[in-house]
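As a plain string of letters, each chain reads:
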Amino acid sequence: MSPRMFYIAFNTFREAVRDRVLYNLIAFAVLLSGAAIFVGQISIQIERLVVVNLGLTAVSLFGIVIAIFIGIGLVSKEIEKRTLYTMLSRPVRRWEFIVGKFLGLAGTLMVNTFFMAIGVFGALLYVAHKFTAPDALILVALYFIILEFLIICALALLFSSFSSPLLSAVFAFSLFVIGSFADDLRGFAALTHGLTRWLATGAAYLVPNFSALNVISAVAHAQPIGLQLILQNTLYALFYTAMTLSAAVLIFERRNLK
Amino acid sequence: MTAAQRTTVIASGCLAVSMVACILLLQHIDEIRPPAAVDDALYVNSPKLLKRASLGFDGLMACIYWTRAVQYFGERHFNHAASYNELAPLLEITTALDPHLLPAYQFGASFLAPNPPNGAGQPDRAIQLMRFGIAHNPDNWRLYYNLGFVYYTELKDYEKASQVFEEGSEVPGANSLMKVLAAKMAFHAGDLATARLLWSSTYESTQDSYVRANAIEHLRAIKVDEDVTNLQAAVTRFGERTGQLPTSMAELAAAEHFRGIPTDPDGHPYRLTSDGRIEVQNPDDFNFLTKGLPRGYKPPALPQFHHRE
Amino acid sequence: MAAIEILGLEKTYMVGFWQKRPKRALQPLHLAVEEGEIFGFLGPNGAGKTTTLKLLMGLVFPTAGTARILGHEWTDPAIKAQIGFLPEQPYFYDYLTAHELLDYYGQLSGVPGKERKHKVEEVLQRVGLTDVKGVQLRKFSKGMLQRVGIAQAILHNPRVVFFDEPMSGLDPLGRREVRDLIEQLKHEGKTVFFSTHILPDAEALCDRVAIIHKGELRGVGAVADLTSTVQGKVEVIWHGTQIPASMKALGAECHVTGETVRAIVPEKQQDAAIDALRRERLRLIAITPLRTSLEAYFVEKLQHSQTTAGTRS
Chain Z
272 MSPRMFYIAF NTFREAVRDR VLYNLIAFAV LLSGAAIFVG QISIQIERLV VVNLGLTAVS
332 LFGIVIAIFI GIGLVSKEIE KRTLYTMLSR PVRRWEFIVG KFLGLAGTLM VNTFFMAIGV
392 FGALLYVAHK FTAPDALILV ALYFIILEFL IICALALLFS SFSSPLLSAV FAFSLFVIGS
452 FADDLRGFAA LTHGLTRWLA TGAAYLVPNF SALNVISAVA HAQPIGLQLI LQNTLYALFY
512 TAMTLSAAVL IFERRNLK
Chain F
71 MTAAQRTTVI ASGCLAVSMV ACILLLQHID EIRPPAAVDD ALYVNSPKLL KRASLGFDGL
131 MACIYWTRAV QYFGERHFNH AASYNELAPL LEITTALDPH LLPAYQFGAS FLAPNPPNGA
191 GQPDRAIQLM RFGIAHNPDN WRLYYNLGFV YYTELKDYEK ASQVFEEGSE VPGANSLMKV
251 LAAKMAFHAG DLATARLLWS STYESTQDSY VRANAIEHLR AIKVDEDVTN LQAAVTRFGE
311 RTGQLPTSMA ELAAAEHFRG IPTDPDGHPY RLTSDGRIEV QNPDDFNFLT KGLPRGYKPP
371 ALPQFHHRE
Chain B
4 MAAIEILGLE KTYMVGFWQK RPKRALQPLH LAVEEGEIFG FLGPNGAGKT TTLKLLMGLV
64 FPTAGTARIL GHEWTDPAIK AQIGFLPEQP YFYDYLTAHE LLDYYGQLSG VPGKERKHKV
124 EEVLQRVGLT DVKGVQLRKF SKGMLQRVGI AQAILHNPRV VFFDEPMSGL DPLGRREVRD
184 LIEQLKHEGK TVFFSTHILP DAEALCDRVA IIHKGELRGV GAVADLTSTV QGKVEVIWHG
244 TQIPASMKAL GAECHVTGET VRAIVPEKQQ DAAIDALRRE RLRLIAITPL RTSLEAYFVE
304 KLQHSQTTAG TRS
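Protein chains in written order, with the working numbering: chain Z, 272 to 529; chain F, 71 to 379; chain B, 4 to 316.
No lab work stands behind these hints, which were simulated from the structure alone. Computed from a predicted model, the values in this text were never measured in an experiment. Glycine included, C-beta positions come from ideal geometry on N, C-alpha and C. A few of these clues could be false.
[Unchecked claim] Far from chain B, some chain F residues (derived; all Cβ distances over 12 angstroms):
1) 206
2) 208
3) 241
[What the hints assert, rightly or not] Label-pair restraints from in silico Cβ distances:
4) 18(B) x 468(Z): 37 to 47 angstroms
5) 473(Z) x 102(F): 15 to 25 angstroms
6) 173(F) x 473(Z): 23 to 33 angstroms
7) 100(F) x 336(Z): 20 to 30 angstroms
8) 174(B) x 300(Z): 42 to 52 angstroms
9) 279(F) x 26(B): 54 to 64 angstroms
10) 435(Z) x 26(B): 17 to 27 angstroms
11) 160(B) x 281(Z): 22 to 32 angstroms
12) 405(Z) x 21(B): 50 to 60 angstroms
13) 435(Z) x 170(F): 46 to 56 angstroms
14) 294(Z) x 279(F): 52 to 62 angstroms
Taking the hints into account, I'd like the entire structure generated from these sequences.
Quick look at the structure:
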């Protein structure tokens, strides 16, 4: 394995930090602590539910917005600003650049999520005064959220490798929304007939399946999550990410940098 | 092979393998997860909350929930499930999101009220749903029709049914049938002819394949009920005339000048038992029979729709 | 061994909304640059210089043709450690400081960790960037960025260096420094391939030049050959306004400008001309063989192409 990938990843992380991306943590902290104090005063019994639901949803949404907004610029911005010229005239392979950028963005999001997770558990402790066994499930939900980030990062990077930032953002957001309804899409596909069915089923299986990765409400209600689901979701996210990155590499390898 | 070609080959291979793996995994994941429709209905079962949470996209959400309701029913029906607990919440959410989504009411009228396995067995929820629909769409006579229908078929409350049909007939543009039904309820409520009128107008007024199939099933049963009633009367006439029971269907047919041996809607001849009862040959093929069933017959747990349109 | 061999590289871009209309950016180009040379790649703006450099760097892919750098296929990733590249109007990650950027690029070029710190300092010194520690590149002027660009191109001690318009954006002093630096690189045995549209720079620095115009190679040659003496004439300049009659007898064309006189005489008459001046006690200022300038050659090549292009169309 070439260390260059990791140098690129580190530099991508450094860029995010210097562009003050982690400042979103402040907004997150304000939102969560506000909610914790607020529900603690006005409602009884559902404090935990609110904190878990709101906290995890915010972790997910903040991360998705960051993933998309950084991801769409990862390649196109470097082409536009011509910073790629001095990169690719070095012994840096194009695929190393793509994979390195992906690792950097994924790493940024993991660090971000780590701090947010501390926030969620802190808020939980504030409203519930102690941790209980079902709280461990929150870790599973956070893990799934990170898997979701991997897929979104890869998709944003894929679009960035051939399209303008604005279009990439539109594509990535659409796929996020469609992917959240992936279950329904497969259901709809099953209701159609003939050629439509083939096309619809194909499309339904190709869009990212975020619905299986969203276990926030189940976790909020302390419903157990099977080991099988954890395992298969992990594999799914990794394969989907690999698929998307491969496509990005195939496109970028052929791209003329005008 | 150059470095670039090698990259292309590896990336293409990785792409293909990952794509296949994703599809296979997705099928596994679908198997180990509860179906989406049920899941979501359980978590978010407050229509008002959902309407707020849909951030103005309630029309789209209504369409999604409506599709989920149909899927939920279709899937459970296909798997011969004995309960449809989430059907009412799904329809209530759908109509709360979009109170003008009329197919949802008609669907509810057909499948919320009947007892399992043909429906959810919740006539109260069905009536509640219709009343909600009428309140939001007072100009639509079909909703009165649907409501009256529930009173008639499930609750056998002919007085209420008549009243509702009457109300509906006063809506501008209402089908003249509504007046007829209102009148029939008062005097001929138990008639098979009235039942036939109701089901055939249900059949004609809908596009929904489940509702249509259900109407056909009822019409088939009504046809058998009518045939059996008529044939049973013929047996009685035969007995009064000759002092004994006919020994075979052929003998009865000859005496009554039938054209051939009478058959059920599937084309199977009716059977005559030795004690003079008329029976259908395959009672399992009819879901809603009240007559012509073999003695001691128990309906199967798994009803089937006959899709013949 | 040739440091750079360009074997028929050509590039046609597809333009228009559906990318259907072909636009030739570079005609098939054949060119060889020897190791240790300073090679100037000359042409007006938009001639195809940058396209050629991008092709060589693997930033765009040729429609046809191939190239070899230091004897290896030009796409060979291994060769990239041996070359340095300064793009036109370079731009870098502006959130980094010059030290961080060079350290990062050093990592990517495989400069070992121990040497890197030292090398970065050395190379910054060399391009004249001192006192930039802790300053992000977004605060750099255009000339400073150009210097950073040169620094990153030579940081990893490459054998072949490609500069695209290295003097642009620099003040006269800066130009002078870059010129000196390029000469130093030559003394270190490196091959320098640079593009420019500023002819005096090329004339002062290059061993050989190529002239490209409208994507087509118009001429290649050693600077000394291209600017060789014309018809064996010399230029004689002396102080004063007086023109000796014997000088006129030699057939000289004389021009008086201010306090000096310029006369052009055949090389064979050089001694006779000096004698004539001596007889009149006029003070000789200079006597130089007359050469065509690179500029004259350049203009001739461009005009030649325009007339041939004109007759072709």
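So, going through the hints one by one against the coordinates:
Distance check for residue 206(F) against chain B: the nearest CB is about 49 angstroms away, which clears 12 angstroms, and the non-interface claim stands. For residue 208(F), the non-interface assignment is confirmed: its Cβ lies about 54 angstroms from the closest Cβ of chain B, beyond the 12 angstroms cut-off. Every CB of chain B lies more than 12 angstroms from the CB of residue 241(F), the least distance being 56 angstroms, so the non-interface label holds. Roughly 41 angstroms separates the CB atoms of residue 18(B) and residue 468(Z), a value that falls within the hinted 37 to 47 angstroms.
Checked against the hint of 15 to 25 angstroms, the C-beta distance between residue 473(Z) and residue 102(F) comes to roughly 23 angstroms, which is consistent with it. Between residue 173(F) and residue 473(Z) the CB atoms are about 28 angstroms apart, so this pair conforms to the stated range of 23 to 33 angstroms. A hinted range of 20 to 30 angstroms holds for the C-beta pair residue 100(F) and residue 336(Z), which are about 29 angstroms apart. Range check, residue 174(B) to residue 300(Z): about 49 angstroms between beta-carbon atoms, so the 42 to 52 angstroms window is met.
Hint check: residue 279(F) to residue 26(B), Cβ distance near 57 angstroms, so the stated range 54 to 64 angstroms holds. Checked against the hint of 17 to 27 angstroms, the pair residue 435(Z) and residue 26(B) passes, with Cβ atoms roughly 21 angstroms apart. At roughly 24 angstroms, the beta carbons of residue 160(B) and residue 281(Z) sit within the given window of 22 to 32 angstroms. For the pair residue 405(Z) and residue 21(B), the beta carbons lie near 58 angstroms from each other, so the given range of 50 to 60 angstroms is met.
With their beta carbons about 40 angstroms apart, residue 435(Z) and residue 170(F) fall outside the hinted range of 46 to 56 angstroms. Distance hint check: the CB atoms of residue 294(Z) and residue 279(F) are about 55 angstroms apart, consistent with the given range 52 to 62 angstroms.
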